[in-house]
Amino acid sequence: MASVSMERIKNKKPGDLLFDVVVYSVCIFIFFVVAYPLYFIVIASVSDPTFVATGKVIFFPKGFSFFGYEQIFQDSRVWIGYRNTLFYAIFGTFINLLFTLPAAYVLSRQEFRARRFLMFFFVFTMFFNGGLIPTYLLMKDLSLIDTPWVFIFNPLTVNVFNLIIARTFFESNIPNEMYEAATIDGCTHFSFFQKVVLPLSKAVISVIGLYYLVWHWNDFFTGLIYIRNYDLQPLQIVLRDILLSNQVFAEGAGSGGTGGGYAQRYADQVKYGIIIVSTLPILMLYPFIQKYFEKGVLIGSVKG
Amino acid sequence: MAFISGAKSAQDTKQLKKPTVVSTFKRDYQLWLMILPAIITVIIFNYIPMYGVQLAFREYDFTAGLTGGDFVGLKYFEQFINSHMFWDLIRNTLLISITTIVVGFPAPIILALLINQIRWKRGKKILQTTVYLPHFISIVVLVGLLNVLLSPNTGLLGLLIERMGFEGTNLLASIKAFVPVYVISDIWQHVGWNSIIYLAALASVDPQLYDAAKIDGANRWQIIRNVEIPAIIPTIIILLILNMGTVISTGFEKIFLMQNSLNLPISEVIETYVYKVGIISNQFSYAAAIGLFNTLINFSLLLIMNTIAKRVSRISLW
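Chains A and B are the protein sequences, given in the same order.
Using my numbering, the first residue of the first sequence is number 26, and each one after it goes up by one.
Using my numbering, the first residue of the second sequence is number 201, and each one after it goes up by one.
I should point out that these hints are in silico values taken from the structure, not numbers from a laboratory.
Certain hints may be false.
[What the hints assert, rightly or not] Below, computed lysine-lysine pairings styled on DSS-like, alpha-carbon distance capped at 27 Å:
#1 Lys-476/B <-> Lys-316/A
#2 Lys-476/B <-> Lys-275/B
#3 Lys-226/B <-> Lys-324/B
#4 Lys-325/B <-> Lys-165/A
#5 Lys-321/B <-> Lys-220/A
#6 Lys-316/A <-> Lys-321/B
#7 Lys-165/A <-> Lys-324/B
#8 Lys-321/B <-> Lys-414/B
#9 Lys-316/A <-> Lys-325/B
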């Protein structure tokens, strides 16, 4: 609607033409600033490392080399990390949804008396938390340290932001008349939720499901704080070791020391490659993510 | 059982009385069962750690765990305030968080106003799809990206800087460049995503306002200033308050990953220090006290912003 009336405000003044020129040039500039680093990583990962290191790879890949990817595929750390993260992300998201969706449904029921109090009970945790040390000691007391469970049960198992999104969605999309009609047919809350609410809520389930999934995929903090056993480490910790601690080659060589700049070039190519490999699942999901996430922000912002 | 019989008698005696949690329990027990898992996990993983904050006032005792040992009062707070790290940590924390807010907060607003001006629909869609993308990259990958691109010998930006005449400057190891690199990369990653909410607010501006402005002979710039910006002011204020409350606690992972021995004088903030004192050196009580100090700063910033916003615009979180 806004765009229609914007259309009617035609460029009658010369000042408006200048305005358009400025707007479009700034937007093109922003587009390149955001897109170029991402594009560069892709072309650098398949180019000859020597060309990349001397700044000769700018617009197109040069002198194809898949050295980086070959190294990554041979590195068992990457595969263990991938496997672990895949497991944590899928199982974790399942538990997240299992706990969040029914709770959101309950909070959307107007007749539920404890609704306001429980809403406050959840929202309070957004502003106040115990902090790192008490949470760490709790995990220690519960013997969750160095177990896969800590990735699934932690302070973000029920994410209040997602809870609010789901609740708002149920409030505005599941009319009370529907529940009343269902009760006449003998539906309880359990069966109503299962047979009516869930099938009607695919959009919001996708939104918060993807939110949780991406969170698990990118979760670095849990591995850093609670996990010592390298076999349990998620992909992000392996990535940190390769990208930032420069432990590029599993054997420990090539940390830039002996071979100097030459080894570093090859190490960098492994790094470009691993950025692509580790972000690939997110990039593959991105078309869905973008479609649903935008919706999620909008649903969530209706009622804060 | 007591709940249920109580419910019955209450219903019998007064039909008009407002239903209470107890009187509706029998009817709603399925709802209670559905919300129970969420309540239990939040109590265990969110509320028990809040109780664990009292560890800051006690000696840590290995056998007692979270409950703590002897009461020592403000001993650890005094130790922190008198430590040589205190002022550096406060300065760095405030410097990074305030710069992030001052520079980073207006960026998505400007971007949203710009995107809203684009009338070429395809171009608009392409731009939006692109600027949202970095939001989903993990922090490790982002910092890795910075490392390879800014590397002085082999990185793309590193080479560019070298060609501009600043030979051998390593932005990642520099004290001066730490805050700019942190803030600019933060904007790069999240500006698009954060603009969505403003775009939504802009889309809901009453079209009649545009028509009225057009009749009054307003040009595009005047429409932005007098129609669009006033329309998104409430959104801006709410988000500003919320950001104030969380900004100090969100940066831990990125700052931690960007740290190296050369930039440590500027990059050591309260949260990274808590991690080192607590998790690495196992001084749990001391670290809990420092962490609590941080929470208090956060919460008071939130309260201050909320009060200011209330005075100025009558918009408040509660």
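Hints versus structure:
Distance hint between Lys-476/B and Lys-316/A is unfulfilled; the C-alpha atoms sit about 40 Å from each other, more than 27 Å. Proximity of Lys-476/B to Lys-275/B is assessed by CA-CA distance (about 20 Å); at most 27 Å being required, the pair is judged to hold. This hinted pair does not check out: Lys-226/B and Lys-324/B have alpha carbons roughly 54 Å apart, beyond 27 Å. The suggested pairing of Lys-325/B with Lys-165/A is violated, with an alpha-carbon distance near 48 Å, which exceeds 27 Å.
Between Lys-321/B and Lys-220/A the alpha-carbon distance is near 39 Å, which puts this suggested pair outside the 27 Å criterion. For the proposed pair Lys-316/A and Lys-321/B, the alpha carbon gap of about 16 Å is at most 27 Å, so the pair holds. Between the alpha carbons of Lys-165/A and Lys-324/B the distance comes to roughly 50 Å, so the proposed pair goes past 27 Å and is violated. Distance check on the hinted pair: Lys-321/B and Lys-414/B sit about 22 Å apart at the alpha-carbon level, within 27 Å; holds.
About 11 Å separates the Cα atoms of Lys-316/A and Lys-325/B, which keeps this hinted pair within 27 Å; it holds.
Hint compliance for this structure: hints 1, 3, 4, 5 and 7 are broken, all remaining hints hold.
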